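Under the numbering used here, the first residue of the sequence shown carries the number 772, and numbering increases by one thereafter.
Hints in this document: simulated from the structure, not taken from any laboratory. Misleading hints may appear alongside valid ones.
Straight line, CA to CA, 20 Å or less: simulated EDC-like cross-link-like pairs of lysine to aspartate or glutamate [what the hints assert, rightly or not]: (1) K929 x D883; (2) K1027 x D1041; (3) K1027 x D1012; (4) K929 x E915; (5) K1027 x D1040; (6) K929 x D913; (7) K1027 x D985; (8) K1027 x E1014.
It should be emphasised that the depicted structure is a prediction, and the values quoted were computed from it without experimental measurement.
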Amino acid sequence: MHIDPHRAEAGIHPSASASWSISLDDVSVTYPNGTRALRGVSLDIAAGEMVSIVGLSGSGKSTLIRTINGLVGATSGIVTVGPHTVTGMRGRELRRLRGHIGMIFQGFNLADRTSVYRNVLVGRFAHTPSYRTMLGITTHHDRELALGALDSVGMLEKVWIRAGQLSGGQKQRVAIARALTQEPSVMLADEPVASLDPPTAHTVMNDLRRINTDAGLTVLVNIHLMDLARTYTTRMIGLRDGELVYDGSAADATEKDFEQIYGRPIQPDDRLGS
């Protein structure tokens, strides 16, 4: 199949579904080994907000993200995403919900031997009949979405390169494009820049902010770096030992606020730098 990059640059852009709000009402999560990862967390995130979830390793950040998309079930409390009550969802109903929630991981989760284009098309699987997926049949709409998503993160010229040939930053931008191709109503990013160098991390965070502002998409980013939270998000949620200890403006968060979240004095590694 031939793809004309110039045509894609001329205006093919992924169209987001209506953004969804997120609500947690007194949510706790206790794992089978007895670890209590979340403790009575209540918060409301409006549709279209850009929110950072800040905390050290083990604070509950990843559990919170995974509770929102149903990868981890709430032990108690109620999780609501858009018009859907996630708590208690199972099987096909839960898979259908996840089709509307884009997820970006620290480890990229790309198929290295497969082209960038094919990796991005994976984002359409939740919206594609299984026989089309098995036969590798794509629609014109799917192809347009994939190209537009790659264009939006500056990766269109890498469309036929194998994912394994990309740098870490390029892989993360392809992962963002894959999530955009879902036409999500919520975008969740779990430590998306933890393995990237500072310039690349800023580029990826800027991509996420642009997605939020251009498409009005609800974006939640798990992060532990105070300068990135302040620069790229409008609201910050601080978690410590599974409890909500800060919820307010990211730009206005003081060093004392971050020390309260971290439970210790600020250290050099708490900032990414330039």
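Check the structure against each numbered hint from earlier and tell me which ones fail, lowest number first.
7
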